[in-house]
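Chains as they are written, first to last, in my numbering: chain A, 1 to 79; chain B, 1 to 355.
Source of the hints: derived by calculation from the structure; they are not laboratory data.
A hint or two may mislead.
Partial selection, computed: residues in chain B whose CB lies under 10 Å from chain A [as the list claims (entries may be wrong)]: (1) Gly13; (2) Ala137; (3) Glu222; (4) Val242; (5) Lys243; (6) Gly339.
Far from chain B by the CB rule (all over 12 Å, computed), these chain A residues [to be verified]: (7) Glu10; (8) Thr11; (9) Ile12; (10) Ala21; (11) Gly23; (12) Ala24; (13) Thr27; (14) Glu38; (15) Gly48; (16) Ala50.
Below, computed lysine-lysine pairings styled on BS3-like, alpha-carbon distance capped at 25 Å [to be verified]: (17) B:Lys313 with A:Lys63; (18) A:Lys53 with B:Lys14; (19) A:Lys53 with B:Lys243; (20) B:Lys249 with A:Lys63.
Bear in mind the structure is a predicted one, so any value in this text is a computation, not a measurement.
Beta carbons are placed, not taken as given, at the ideal position from N, Cα and C, and that holds for glycine.
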Amino acid sequence: MCLAVPHTIETILGEHRALAAAGAVRTEIRTDLVDDVEPGDTVLVHAGFAIEKLSPEDSEELKALWDELRALAGDPYAH
Amino acid sequence: MPISAPSIAALLGKISRTPLSVMEVCGTHTVSVFRSGIRSILPPTLRLVSGPGCPVCVTDQGEIEAAISLLDRGAVVAAYGDMFKVPCKGGSLASKRSGGLDARVVTSAMEVLSIAVENPDREVVFLGVGFETTAPATAALVSEAARRGVPNLSVLSFHKRTPPAVELLAADPDLRLSGFLLPGHVCVILGHAPFRFLPEKYGLPGVIAGFEPDQILLGLAEIVRQHEQGAPALRSVYGTAVKKEGNTKALGLLEEVFRHRDAPWRGIGTIPDSGLGLRKAYESFDAEKRFSLSLLPGAPPAGCRCGEVLTGKIIPPECPLFRSACTPLSPVGPCMVSGEGTCGAYFRFYKGDRS
Numbered sequence: 001m002c003l004a005v006p007h008t009i010e011t012i013l014g015e016h017r018a019l020a021a022a023g024a025v026r027t028e029i030r031t032d033l034v035d036d037v038e039p040g041d042t043v044l045v046h047a048g049f050a051i052e053k054l055s056p057e058d059s060e061e062l063k064a065l066w067d068e069l070r071a072l073a074g075d076p077y078a079h
Numbered sequence: 001m002p003i004s005a006p007s008i009a010a011l012l013g014k015i016s017r018t019p020l021s022v023m024e025v026c027g028t029h030t031v032s033v034f035r036s037g038i039r040s041i042l043p044p045t046l047r048l049v050s051g052p053g054c055p056v057c058v059t060d061q062g063e064i065e066a067a068i069s070l071l072d073r074g075a076v077v078a079a080y081g082d083m084f085k086v087p088c089k090g091g092s093l094a095s096k097r098s099g100g101l102d103a104r105v106v107t108s109a110m111e112v113l114s115i116a117v118e119n120p121d122r123e124v125v126f127l128g129v130g131f132e133t134t135a136p137a138t139a140a141l142v143s144e145a146a147r148r149g150v151p152n153l154s155v156l157s158f159h160k161r162t163p164p165a166v167e168l169l170a171a172d173p174d175l176r177l178s179g180f181l182l183p184g185h186v187c188v189i190l191g192h193a194p195f196r197f198l199p200e201k202y203g204l205p206g207v208i209a210g211f212e213p214d215q216i217l218l219g220l221a222e223i224v225r226q227h228e229q230g231a232p233a234l235r236s237v238y239g240t241a242v243k244k245e246g247n248t249k250a251l252g253l254l255e256e257v258f259r260h261r262d263a264p265w266r267g268i269g270t271i272p273d274s275g276l277g278l279r280k281a282y283e284s285f286d287a288e289k290r291f292s293l294s295l296l297p298g299a300p301p302a303g304c305r306c307g308e309v310l311t312g313k314i315i316p317p318e319c320p321l322f323r324s325a326c327t328p329l330s331p332v333g334p335c336m337v338s339g340e341g342t343c344g345a346y347f348r349f350y351k352g353d354r355s
C-alpha cells in the first residue's frame, strides 16, 4: 500500500476524478490533493490519490549538489 | 557526466572516510536497497540500518484487534490489502473474511464512500493506517462523507506521524545514528520543516531522497558530504517532487480533519503526539466513539522481535523465528507480512552479506 507510482493523466472524469495510466495499467484516481491537473500531466499516485505533480526536469538543486560532491572528491571535471 | 549509480558509488568511495551508520526510514527504501544490491557497492565505512517506515509493521496489535472486533460485531470493515494477513489473537482480517465476515480490500480510501452508499443499512468502517502519505486520503474521505452526509461510514484513525518516531530514534543512545535518509513521499506531503530538528537539535544530516538506486546513492553521498564537511543540514535530493513547503492542499486537509494524539507503535510503545485522531468537528465519523471502543496496547506474538527490527537494533536473521517459524507464507509478525517490511525484504533478498 505504501508505494507511490508515477501516472500520466489521460482524461479528467469530473471533480477530483481522473483516469490515469502507469504503463499499460489504467486506473481511476483522485486529484483532490493537487491543483489544476490536465491530460498529459505526470503525477505521483499513492493509495489512489495523486499527491504531487512531477516535472520532467531535474531541479537546479540536484545539479548543484552533484557539483559539490565532485568538488569534494577532487574530480577535475567539477566546476 | 551523467548522474548514474556507478558514478555516484565511485564518488562515495572517494569521499567517505569516517565510519557512519545511516538509517533509511522508509520501507520502500529498504526494498530498493536490497533489490538493487546497493549494499555491495557501498564503501566499508558506510552502514545502512533499516527503520520503522512500514505502515503495516508499526500498526499496533491492539489496533488491528479493534478492527477485527468490529467485524465480529457485524460491521463491514474496509482496509488496504497489506493489513489482511497480519496475524492476531483469533485470526487475521483474511481468515475472518474466509469465515464469512465482511472484510473488504480497497486500494483507495475513497472506495469506502461507495461501499457505504451502496450498503445504507450496514455500518461501514475504514481501517485508516499509514503515515502522512495515506492520511490525506483518509482526511479526504471523512471530509467528503461529512459534506455528503453519509451516516453509516466511520473511520478507525490509526494514522501515524513520522517526525516524532524519527526524533525518538535520533535521540536513542544505543543506536548512535549518524544521519537519516528521509522518506521521499512523506516529505512530498510534509515539506522540509518537520524534519529540521535533525540538524538543528541533534546535529545530524537529514536528506530527503527518491527511491531509485541512483537517488538513494545520491542521498547517501550527500549525508557523507555533510559529515565530512561538518555541516549537517536538511536537504532534498529528490528533485522537483518535494517542495520546501510540502503539499499545502494535503496539509490543509490534514489540519482540517485531524488532531495530534499519543499513539502506540508496535514494538516501540506509545510515542507522544505521534498519532492522528479525528477532530471534534468530525467525531461523528470516529469509529472509536461510535462503537465505544477502548483501545488496549496488544501483546506481540510470542518470540517475535519485530520491535527491535523496527528500531534498527537487530537485523531479521538475529530473530530466532526468522525463516523457521516465520515466513511470508506463514508470518508470525507484521514485518514479515508486508512487502515493505524489513523481515519480508530480508527473506527475499538477504544472502548473508554485510548488514
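Status of the hint placing Gly339 (chain B) at chain A (closest C-beta pair under 10 Å): holds (9 Å)
Status of Ala50 (chain A), Cβ more than 12 Å from any chain B Cβ: violated (10 Å)
Pair hint outcome, Lys249 (chain B) versus Lys63 (chain A) [Cα-Cα no greater than 25 Å]: violated (28 Å)
Non-interface claim for Ala21 (chain A), where every Cβ of chain B lies beyond 12 Å: holds (16 Å)
Reported absence of Glu10 (chain A) from the contact zone with chain B (all CB gaps over 12 Å): Non-interface label on Glu10 (chain A) holds, nearest chain B Cβ at 17 Å vs cutoff 12 Å.
12 Å cut-off, C-beta based - Gly48 (chain A) kept clear of every residue in chain B: Nearest chain B Cβ is 2 Å from Gly48 (chain A), so the label is violated.
Beyond 12 Å from each Cβ of chain B, as asserted for Glu38 (chain A): holds (17 Å)
Lys243 (chain B) as an interface hint toward chain A, with CB separation required under 10 Å: With a closest approach of 8 Å, the Lys243 (chain B) hint holds.
Assertion that Gly23 (chain A) lies outside the chain B interface [Cβ separation over 12 Å]: Correct as stated: the minimum Cβ-Cβ distance to chain B is 16 Å, above 12 Å.
Proposed interface contact between Ala137 (chain B) and chain A, which counts if any beta carbon pair is under 10 Å: It holds, given that the least Cβ distance between Ala137 (chain B) and chain A is near 5 Å, below 10 Å.
Hint consistency between Lys53 (chain A) and Lys14 (chain B) [alpha-carbon to alpha-carbon, up to 25 Å]: Distance of about 35 Å is beyond 25 Å: violated.
Given pair status - Lys243 (chain B), Lys53 (chain A), alpha carbons within 25 Å: holds (11 Å)
The structure fails hints 13, 15, 16, 17, 18, 20 (numbered hints given earlier, in ascending order).
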